[in-house]
Amino acid sequence: MIDQMMRYGKGYVEIAIRSESYERFLNLCAYHQILIWDLNHTGEQYEGKIFVQDFRKIREVARKSGSKIIILQKKGWSFWVRKHRKRTGFFGGAAVCALLIFVLSLFIWDIQIEGNVSQTDEVILDYLKEEQITFGSLKYKIECKELAADLRRKFDQFIWVSVQMKGTLLKIQVQENTDVTLNEEIEKEPSSLVATKDGTVVAMITRSGKPMVSVGDTVKKGDILVLGRLEIKDDGGEVIAYQECAADADIVLETIEMYEEEFSMQYQKKIYTGNTTKKYYLQIGNRFFRMPWKGYGYETYDVVDQKRQLKLWGNFYLPISLGTYLVREYEIVEKTYTQEEATKKAEEDFIAFSEKFQEKGVQIFENDVKIVAGISVCGASGPLILREQAIKRVPLQETLDLQEGTRSE
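Start counting the sequence shown at 52; every next residue gets the next number (my numbering).
Just so you know, the hints here were simulated from the structure itself, not pulled from any lab data.
Honestly, I wouldn't trust all of these hints.
Unchecked claim - Below 20 angstroms or equal to it, Euclidean Cα-Cα: the simulated EDC-like pairs (lysine to aspartate or glutamate) are:
1) Lys205 / Asp172
2) Lys261 / Glu289
3) Lys196 / Glu181
4) Lys396 / Glu406
5) Lys421 / Glu399
6) Lys395 / Glu313
Based on the provided sequences and hints, a complete structural model is requested.
Quick look at the structure:
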């Protein structure tokens, strides 16, 4: 493919060769370094292809070998330009188009963000806007390495950021730290672990610090679980010194929480009538060009916006988008849940509630939630037995002050 493009760019001629001595003709061509390719015998003659610059040399070779050269076809960029040389408007338009593509290639026309979970695209785009990086920004003003470092400093959740410039696309890939366990990063300063809820210790593994409770103990909110200070004793068992440290432990507390949720048995349901209207628009940069709007004639409706950004090839995006507004009419109908529907909805709500707990690392060990569907209201309530790491880290001095206060009481 590349060879064909290069040959077309240089220009070549398809020729027919008639000679009394083809061997002498080909030997002379080889001697004068004249390249002939795709050489085929067609019965009375040979046919092949030769570059324009070599065609001028072949006339002398043909005279010496008693050969006759017939031009069958001319191909190449130079022949095409010569044939269409009077079409000045076309060449002028092509030059303007090439210049426009070059100018457009100097800007960023699309920004893609991947891997973000805790921060939405809008939040990141707002930060980029503050840094004067947005659609239409000049590419040479954007330092990818500096931008990646700035994003890591701005968003603590990002532990890895990659910024790449591909064509007119600015691609940002991030990786977030999703490890929410307590011991993800152990503080170097002396600290202790205390309970954040009332509960019972059901599992405990201490790596550093002095355990103040054991498995099976009942604790209250604010109780010290692991003290960030170790006792150093002599042979007689007397405390002679203390060693401060950052307490480190895996502690699971069993806690109780009440679940209460209710909703009305009457609700409004959106029912689509099937009537739709489609409107088209063109967006160039921040400007919108819409078809004339004559209204829809719908009292209640919603609009679905579908937009596709144009690109020349690969990652060469353009500041031009084609879009449609799909307008769908609907009616609001008053409905009442049946006993079965209300119970099913309450169960689904509880499942969604439980999934949010699991995302936080909290396990619902047992539940005694009961669902009651009445005439006007459906409610679900009951105690939940949870197992979680309901603990937090506090400076050592605070826990020591807490200990002294408890003793004085």
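Hint by hint, here is what the structure shows:
A threshold of 20 angstroms between alpha carbons decides the hint, and for Lys205 with Asp172 the separation of about 14 angstroms falls inside it, so the pair holds. For the proposed pair Lys261 and Glu289, the alpha carbon gap of about 16 angstroms is at most 20 angstroms, so the pair holds. Of the supplied pair hints, the one linking Lys196 and Glu181 holds, its CA atoms being roughly 18 angstroms apart against a limit of 20 angstroms. The hinted pair formed by Lys396 and Glu406 meets the criterion: a straight-line CA distance of about 15 angstroms does not exceed 20 angstroms.
Simply put, Lys421 and Glu399 have alpha-carbon atoms about 13 angstroms apart, close enough for the 20 angstroms limit, and the pair holds. For a cut-off of 20 angstroms, the pair hint linking Lys395 to Glu313 stands: about 13 angstroms separates their Cα positions.
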